[in-house]
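When you get a sec, could you build the whole thing from the sequences and use the hints?
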Amino acid sequence: MEKSKRLYVFIGILVLIGIVFICRLFYLQIIDTSNYYKAQAYGSNEITIYPARGTIVDRNGKLMVYNDAVYDLMVIPQKAKDFDKVALCKELMLDTIEFNKRLKKATKYNPREASVIYKNLPFHLYTRLQEIIYQFPAFYIETKIDRRYNINGAAHLLGYMGEVTEKQLALDKYYKPGDIKGITGLEKSYEIYLRGKKGKKVVLVDKFSKQQGSFAGGKFDSLPSAGQNVISAIDLDLQVFGEQLLANKIGSIVAIEPSTGEVLSIVNSPNYDPNLLVGQRRNKNFASLLLDPSKPLFNRALKAPYPPGSTFKTVQALIGMQEGVLTPDTKYPCHGGYHMGSITVGCHAHGSPLDLKSSIAKSCNAYYCYVYRSILDNPRYNSVQDAYVKWTQYLNSFGIGINTGIDLPEESRGIVKKPSWFEHEFGKNWRSSNVVSMSIGQGQIGLTPLQMANIAAIIANRGYYYTPHVVRSIGDQRFVPPSFKQRHYTMVNAMYFDTVIAGMANVCSPGGTASRTGIPGITICAKTGTAQNPHGKDHSIFIAFAPRDNPKIAICVIVENGGYGADYAAPIANLMIERYLSKDRSLPSQKPDMLDRMLKANLTGKSTTVKDSIMIVKPK
Amino acid sequence: MEEKLHIDWLSVILYILIVIFGAINIYSANSGVEEVLKLDFTKEYGKQVLFIGVSAIIVFLILLTDYKFFNFSAYGIYIVVIGLLLVLLATGSFNKGAQAWFKIGSFKLQPSEFAKYATALALAKYLGTFDVKFEGKRNILISFGIILFPMLLTLLQNDTGSALVFGCFVLVLFREGLSGWWLILGVYLLAIFVTTILLPSIQIIIALLIICGLFTYFNRVRKQLVFLAVTVFLASSFYVLSLDFVFAKILKPHQQQRILVTLNQDVDEYYAKKSQGFSIFKFEKSKEKEKSESKRDYSYNVRQSKISIGAGRWVGNGFNNGTQTKAKLVPEQHTDFIFCTVGEEYGFLGSTLFIAIYLLLIGRIYYLAERQKNVFSRVFGYSTASILFFHFFVNIGMALGILPVIGIPLPFMSYGGSSLISFSMLLFTFLKLDANRINEISRLN
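Residue numbers (the working numbering), protein chains in the order written: chain G, 1 to 620; chain S, 1 to 445.
No lab work stands behind these hints: they were computed from the structure. Glycine is no exception: its CB is placed at the ideal position from the N, C-alpha and C atoms. Fair warning: there could be bad hints in the mix.
To be verified - Pairs of lysine to any residue, SDA-like flavour, derived with a Cα cap of 20 Å:
(1) G:3 / S:177
(2) G:3 / S:139
(3) G:200 / G:143
(4) G:3 / S:170
(5) G:3 / S:374
(6) G:303 / G:532
(7) G:5 / S:174
(8) G:3 / S:367
(9) G:3 / S:131
(10) G:3 / S:176
(11) G:5 / S:374
(12) G:5 / S:363
(13) G:3 / S:136
(14) G:3 / S:128
(15) G:201 / S:321
(16) G:5 / S:184
(17) G:5 / S:170
(18) G:5 / S:375
(19) G:198 / G:163
(20) G:5 / S:135
(21) G:176 / G:196
(22) G:3 / S:174
(23) G:3 / S:371
What the hints assert, rightly or not - Chain G is faced by these chain S residues, among others (derived, beta-carbon under 8 Å):
(24) 174
(25) 177
(26) 309
(27) 310
(28) 347
(29) 348
(30) 352
(31) 356
(32) 359
(33) 363
(34) 366
(35) 367
(36) 370
(37) 396
(38) 402
The following block contains the structure:
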C-alpha cells in the first residue's frame with residue numbers, strides 16, 4: 001500500500017469508532033431505560049407535602065375538630081457550631097446539660113439532617129424565637145399540623161388519630177410509614193374524605209442526601225389539596241349537655257332525628273378528652289386510659305348490648321299485632337305477675353285486666369308474657385322454632401340483631417340467639433315457656449343503646465327508619481351518601497303503630513310509669529325500662545320520641561345500675577328533649593330541680609385504681 | 001506586501017465551538033443548582049475561562065511566530081520538558097510519593113501534558129531530517145526512543161493514563177512506514193488479553209491448538225505456513241500463560257479491578273471463580289482482602305457515568321438541568337467525565353452531533369497532515385491528530401463504560417489549564433505549519 005493512501009485507514013478508524021460510540025450511546029440512552037429510572041431514584045428525593053386535614057363541624061356549623069399549627073425547633077447538628085449556646089438555652093428555658101444531650105442525640109441520628117431539638121414550642125417561645133432565630137443559622141422552626149378538638153368529650157364519636165400499621169400500609173398505597181390516620185370514630189370512617197390529597201416536591205439531592213434544589217425545574221411537583229370538611233349531624237350543644245347529665249354515671253345516650261336518621265348526639269360515660277390523644281402525649285395517655293378500670297375507651301352506645309327491659313314491650317306489641325295474635329282491645333289479666341306452672345314473672349301493682357294501650361303505659365309484665373307466648377305458639381307455624389325464626393326476622397327488620405349500618409366503626413349487632421342455641425340449652429323440643437323472659441326484654445336478648453334509640457325512631461316514623469348516620473354532608477358540595485336517604489321498612493304495618501304510640505304517650509302522664517316526667521305543651525311518647533342484670537342494681541332505661549306528631553327527636557338513655565327507668569333515664573331523656581326542642585337554648589330548664597338532681601347524682605361508687613406501671617421510674 | 005494568513009478556518013471554527021461548549025459544560029457540572037449565571041473566577045468554570053484567555057494569547061503568539069522556529073527549536077523544547085519531568089521525579093522521591101505537577105501560586109502546571117507536544121515536535125524533527133526515513137534498525141530505534149523516554153518518565157510518576165497516550169505515536173509511525181501487521185498484532189494481543197482474563201487459560205490454549213492444527217492440516221504442503229502456525233501457537237500460549245501470571249501476581253488489586261470493571265465483571269464473583277482453580281496462578285489472600293475497599297470506587301464512577309448519560313434520553317435535560325450533573329453524583333465530572341454532562345443535558349442527538357463534530361476536527365487534521373509537503377509538518381500533523389484521537393477514544397470510551405477507567409482528559413473540553421493550553425499549542429502549531437505550506441507554494445510562484 002502506498003503510504004499516502006494510509007490516510008484512508010485513519011479515516012476508516014475514525015468512522016468506525018464514531019459508529020461504535022453512537023451505537024453505545026443509542027443503547028445507553030434509548031434502549032436501556034433502566035439508567036433513566038435509576039437517575040430519577042439516585043438524584044432525587046421526594047418530599048411529601050401533607051394537606052390540611054378536613055375539619056368537622058356540628059349541625060349548626062360549630063367547629064368541633066380542626067387543625068392547629070405546632071412549632072418544633074429544628075437543628076442541623078453539623079452547622080451547629082460557634083453559636084451562643086447560653087443565650088439560646090436561656091430563651092428556651094433549658095439548662096445547657098439537657099440542651100447538649102439533645103444536640104448529641106441529634107448528631108448521633110444524622111449530623112447532616114435536621115432533627116427536632118425542642119418539640120411543641122409554646123406560643124410565647126415561638127414568637128420570641130421568630131425574632132432572634134437569625135442569630136442561630138443552624139436552627140429553624142418547622143411548622144407541623146396537629147389535630148385539635150373544641151370539645152373535651154364526644155371522644156368515641158370523633159375518634160382519634162394514630163400512626164398507620166404495616167398492614168394498612170400494604171392495603172392502601174396512599175400511606176407511607178409514619179403517616180397519621182384516623183383510628184376510630186369519624187376520623188376513621190371519613191378518613192378518605194378528611195385526609196385530602198398529598199402534594200409532593202421532588203428535590204435534587206447529592207450523594208450525601210443533601211438537598212441541592214428543585215428537581216427538573218419542579219416538573220414533577222404537585223400541590224397538596226386540603227381534605228374535605230365534614231358536616232356532622234351532631235348537635236354540639238345537646239352533646240355537651242348530655243355529657244354533663246351523664247357525668248359521674250355509667251351509661252349512654254343516643255339521640256336521633258327520626259325524619260332523617262341523623263344522629264343528634266351520642267353520649268358515653270365515662271368519656272375522655274380527645275385532646276389527650278393528640279401529638280406527643282398520645283401514647284402515654286392512651287396507656288393510662290387503657291388501664292383505667294372504668295373503661296373510658298369503651299364505646300357503650302355502639303358496642304354494649306343491654307337487656308332492653310320493658311322498652312322491648314313496644315316491639316313485642318307491634319309484632320303481636322302484625323302476626324294477628326293481638327289486637328288493641330286484647331285484654332290479659334295480671335295478678336302480681338304471670339304464673340304458668342313453675343314459671344312466675346312478677347309484676348308491680350296495677351289494675352287488671354289491661355288493654356294494649358294501658359299495658360304499655362303501666363308496663364305490665366304479665367301482659368307481654370301472654371303476647372310473646374301467643375306469638376311463639378301461633379298455630380300458623382309448625383313449631384315454636386319456626387315461629388321464633390319468624391320473630392327474629394321481625395327483630396332484624398327493626399334493626400335488632402343486625403348492624404344498623406351507622407357510619408362509625410366497630411358497631412355491635414347486639415344479642416339475638418338462633419333457635420339452635422335454645423335447642424342446646426333446653427333440648428330439641430323447647431317450648432315458649434322456656435324463653436318467656438324475653439317477652440319483657442330480659443334473658444337471651446341484648447340491644448345496644450343505638451338500636452334502642454333506633455326503635456324509638458321507628459315508632460316515631462310509624463314503621464320505617466333511615467340508617468342512623470352521624471354525618472350530614474361532606475365537603476363544599478354538600479355531598480350526601482345515597483345510603484343516608486334510603487328508608488328501611490319494618491315488617492310491621494304502619495297502622496299498628498298508633499295504638500303503641502297512644503300507650504307511649506301516656507307513660508309520662510299521671511298513671512304512667514314515668515309520671516313525673518313531661519314537658520308542658522309537648523307530648524313525649526316514651527317507654528321506661530328497668531333491666532335486671534348480673535352487675536348489681538337494675539339498669540335504668542328510657543326510650544322516647546317527641547313531639548307525638550311530626551317527631552323531632554328520638555332518644556334512648558341508659559344509666560347503668562340506675563334503678564327504675566323513671567329514676568334516672570327518664571329525667572335525663574326529659575331534659576335532653578326539652579333542651580333540644582326549646583327555641584332558645586339559653587333559657588333555663590322548666591324543671592330546675594330535676595336538672596339539679598341529675599347533674600349532682602353520682603352513681604360511680606367506688607372504682608379501683610390501677611397503678612400505671614409506665615409511670616414508675618426508679619429515682620437515681 | 002503583507003502576507004495573508006492561510007490558516008485552515010474550518011479547524012479553527014471547530015476548535016472554538018468545542019472549547020466554548022466545554023466551558024458551558026464545566027459551568028453546568030460545577031455550579032450550584034440555584035446559582036445566578038455569572039463569572040466567578042474562584043470556581044473551576046471561571047478559571048477555565050481564564051485558561052481559554054491564556055490559550056488565546058498563546059495561540060496568537062504561535063501564529064505570529066515564524067514557522068521555522070518550531071523545526072529549529074524542536075529538540076530544545078523536548079530536552080526542556082524532559083528536564084522538567086526529571087526534576088518532578090527527583091522532588092517526588094524526596095516528598096514520598098510521586099507528583100505530576102509544579103505548583104505555581106494556586107495553579108498547577110503539569111509537564112506531562114506538554115511532554116506530548118514536545119515528543120511530537122522531536123519525532124517530527126527527527127523523521128523530517130533530510131536523510132532520515134523510518135527504515136533501518138538505527139532510525140527505528142531512535143524513533144521509538146524519542147517516544148519511550150518521556151513515556152517511561154510519566155509512568156514513573158504513576159500517571160499511567162498519560163503514559164499510555166504515548167502509545168498513539170505508533171499510529172504516526174504506521175503512516176511513516178511501520179508495517180500494518182504490527183497494528184494487527186496489537187489488536188490480536190489485545191483480544192487474547194481480554195479472553196485470557198474472561199476464560200480459563202487452559203481453554204484458550206486448547207482453542208488455539210485446534211485452530212493452528214486445522215490451519216497446519218490444510219496447508220501441510222507449504223512448509224513456511226506450517227512453521228508460522230506452530231510459531232503463532234507457541235508464542236500465543238506463552239503469552240496467555242504469562243498474562244495469567246502477570247494479572248494474578250504482578251498487577252495490584254486496584255489495577256485488576258479497573259480491568260474487571262471495564263469488562264463488566266462482578267469483581268467478587270470473579271475472585272471466587274479464580275480461587276477455585278479458574279486460573280493456573282493462585283491469587284494471594286492479602287490482595288483479595290484489599291480489593292473490596294477499592295473496588296467500589298471504579299465501578300461507582302462507571303455506573304454513575306452510565307446513569308448520567310442514560311438519563312439524557314433523546315434530547316437531554318437541557319443546559320444546566322442535568323439532574324445527575326447538578327446533584328454532583330459523578331466524580332470528576334468537570335474533568336475526566338465531562339462527557340457525562342453532554343450526555344445528560346443534550347441527550348442522544350446532542351451527543352451524536354458532538355461526537356461527529358469532534359471526529360470531523362480529528363479527520364480534518366489527518367487530512368491536512370497528509371497534504372503537507374514536508375515530512376516535519378506531516379509527522380507533526382499526524383501526531384497532533386493521533387494524540388487528540390487517543391484522548392477522545394479513551395475518554396469517551398471510559399464514560400460510555402466500554403473502556404477501562406483511565407484518567408485522561410477530553411481535549412479542549414475537560415477542565416484544566418495545562419491540558420487546554422498544551423492541546424491548543426499542539427493544534428495551532430500544526431495549523432501554523434499548515435498555513436506556511438501555502439505560503440511556500442505562493443513563494444515558489
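Verification of the hints:
About 7 Å separates the Cα atoms of residue 3 of chain G and residue 177 of chain S, which keeps this hinted pair within 20 Å; it holds. The hinted pair formed by residue 3 of chain G and residue 139 of chain S meets the criterion: a straight-line CA distance of about 18 Å does not exceed 20 Å. A threshold of 20 Å between alpha carbons decides the hint, and for residue 200 of chain G with residue 143 of chain G the separation of about 17 Å falls inside it, so the pair holds. This hinted pair checks out: residue 3 of chain G and residue 170 of chain S have alpha carbons roughly 15 Å apart, not beyond 20 Å.
Between the alpha carbons of residue 3 of chain G and residue 374 of chain S the distance comes to roughly 14 Å, so the proposed pair stays at or under 20 Å and holds. Between the alpha carbons of residue 303 of chain G and residue 532 of chain G the distance comes to roughly 19 Å, so the proposed pair stays at or under 20 Å and holds. For the given pair, residue 5 of chain G sits about 12 Å from residue 174 of chain S by alpha-carbon distance, which is consistent with the 20 Å threshold. Taking the CA atoms of residue 3 of chain G and residue 367 of chain S, the gap is near 14 Å; set against the 20 Å cutoff, the hint holds.
Simply put, residue 3 of chain G and residue 131 of chain S have alpha-carbon atoms about 18 Å apart, close enough for the 20 Å limit, and the pair holds. At most 20 Å may separate the alpha-carbon atoms for a hinted pair to count; residue 3 of chain G and residue 176 of chain S meet this at roughly 7 Å. Restraint check: the Cα-Cα separation between residue 5 of chain G and residue 374 of chain S comes to about 17 Å, which is no more than 20 Å; the hinted pair holds. Of the pairs offered as hints, the one joining residue 5 of chain G and residue 363 of chain S holds, with about 14 Å between alpha carbons and a cut-off of 20 Å not exceeded.
Simply put, residue 3 of chain G and residue 136 of chain S have alpha-carbon atoms about 17 Å apart, close enough for the 20 Å limit, and the pair holds. The hinted pair formed by residue 3 of chain G and residue 128 of chain S meets the criterion: a straight-line CA distance of about 15 Å does not exceed 20 Å. Between residue 201 of chain G and residue 321 of chain S the CA atoms are separated by roughly 17 Å; this keeps the pair inside 20 Å, and the hint holds. A threshold of 20 Å between alpha carbons decides the hint, and for residue 5 of chain G with residue 184 of chain S the separation of about 18 Å falls inside it, so the pair holds.
A C-alpha spacing of about 17 Å is found between residue 5 of chain G and residue 170 of chain S, which places the hinted pair at or below 20 Å, so the restraint holds. About 16 Å separates the Cα atoms of residue 5 of chain G and residue 375 of chain S, which keeps this hinted pair within 20 Å; it holds. Proximity of residue 198 of chain G to residue 163 of chain G is assessed by CA-CA distance (about 16 Å); at most 20 Å being required, the pair is judged to hold. As the CA atoms of residue 5 of chain G and residue 135 of chain S are separated by approximately 19 Å, the hinted pair is consistent with the 20 Å bound.
Under the criterion of a C-alpha separation no larger than 20 Å, the hint pairing residue 176 of chain G with residue 196 of chain G is consistent with the structure, at around 15 Å. With a C-alpha separation of about 9 Å, the suggested pair residue 3 of chain G and residue 174 of chain S falls inside the 20 Å cut-off, and the hint holds. The hinted pair formed by residue 3 of chain G and residue 371 of chain S meets the criterion: a straight-line CA distance of about 12 Å does not exceed 20 Å. This hint holds: residue 174 of chain S has a C-beta 7 Å from the nearest C-beta of chain G, less than the 8 Å allowed.
The restraint placing residue 177 of chain S at the interface with chain G holds, with a minimum CB-CB distance near 6 Å, inside the 8 Å limit. Hint on residue 309 of chain S holds. Least Cβ distance to chain G is approximately 5 Å, under the 8 Å limit. The restraint placing residue 310 of chain S at the interface with chain G holds, with a minimum CB-CB distance near 2 Å, inside the 8 Å limit. With 8 Å as the threshold, the beta carbon of residue 347 of chain S comes within range of chain G, its nearest partner Cβ sitting at about 6 Å, so the hint holds.
With its C-beta approaching chain G no nearer than about 4 Å, residue 348 of chain S sits inside the 8 Å limit, and its interface hint holds. Among the interface hints, the one on residue 352 of chain S holds; its C-beta lies about 5 Å from the nearest C-beta in chain G, closer than the 8 Å criterion. The beta carbon of residue 356 of chain S comes within 7 Å of a beta carbon in chain G, closer than 8 Å, and the hint placing it at the interface holds. At a threshold of 8 Å, the smallest CB-CB gap from residue 359 of chain S to chain G is about 5 Å, leaving the interface hint in force.
Look at residue 363 of chain S: its Cβ gets to within about 5 Å of chain G, closer than 8 Å, so that hint holds up. Restraint check, residue 366 of chain S versus chain G: the minimum CB separation of about 5 Å is within 8 Å; hint holds. The closest approach between the C-beta of residue 367 of chain S and any C-beta of chain G is roughly 7 Å, which is under the 8 Å cut-off, so the hint is satisfied. For residue 370 of chain S, the interface hint holds, since its Cβ comes within 8 Å of a Cβ in chain G; the closest pair sits about 4 Å apart.
With 8 Å as the threshold, the beta carbon of residue 396 of chain S comes within range of chain G, its nearest partner Cβ sitting at about 6 Å, so the hint holds. Look at residue 402 of chain S: its Cβ gets to within about 6 Å of chain G, closer than 8 Å, so that hint holds up.
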